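Heads up: the sequence shown at position 40 corresponds to 40 in my numbering, and the numbers run straight through without jumps.
These aren't lab readings, by the way, just hints derived from the structure by calculation.
There may be inaccurate statements among the hints.
Unchecked claim - The calculated label-pair distances, taken between Cβ atoms and stated as ranges, are: (1) Thr141 x Phe14: 17 to 23 Å; (2) Ser76 x Phe121: 35 to 41 Å; (3) Trp103 x Leu43: 28 to 34 Å; (4) Asp139 x Arg166: 28 to 34 Å; (5) Ile44 x Met110: 28 to 34 Å.
Please read these numbers as outputs of a predicted model, since none were measured by experiment.
Idealized CB from N, CA, C, for every residue including glycine.
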Amino acid sequence: MVNIGIAGLNLHVFAYVTDVGYSTIVAATVLSIIASTQLGSTLIWGFASERMAIRFSTMAMFLVQSAGLALVLISSHLVPLYAGFFFYGIGLGGSWVLQEIIWANCFGRMSLGVVRGLGIFVTYSFGAAGAPFFGFVHDLTGSYQLSFISFGIALVFSALLSLAVRTPRQQPAAIG
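Work out the full structure: start from the sequences and follow the hints.
What follows is the structure in structure tokens.
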């Protein structure tokens, strides 16, 4: 669900930062912050996934992303902008790790290839719609605010939905 927002935000974040009045250097720095925190946080999310239920670590990931995005939206100052995208990037790094664990836990290794293949097709299809959607909303409203707020709401909703994820129990093998 949030892949529309991830692709849309990641493509339009540079334009957003310059639209709110910052230089291209600041916008480029924001992109570097997102990329470096995304990469650097994967170990943290892997560690968290081994110490708590995957649904709770996934919920935390979405909430960290949404808190970062909220920080970006509520202030026009530079430090909250950097801090917000710092937290957004940390949360984004969890999606690489936690998503794979959920797929493996819920569908097992026997069907993981087919399930992931179909899942990636659907996920990337939604992701491909994100960039045009953010651009369309910007063209209609003259701002990225509505699309960023919608993405933040989708992140919070996804956090709540992640609590519903339950790992299926293995059925005992039939004898006979």
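For each hint, the structure was consulted:
no., hint, verdict
1, Thr141 x Phe14: 17 to 23 Å, "holds, 18 Å"
2, Ser76 x Phe121: 35 to 41 Å, "holds, 39 Å"
3, Trp103 x Leu43: 28 to 34 Å, "violated, 20 Å"
4, Asp139 x Arg166: 28 to 34 Å, "violated, 41 Å"
5, Ile44 x Met110: 28 to 34 Å, "holds, 30 Å"
This entry does not satisfy hints 3, 4, going by the numbered hints stated previously.
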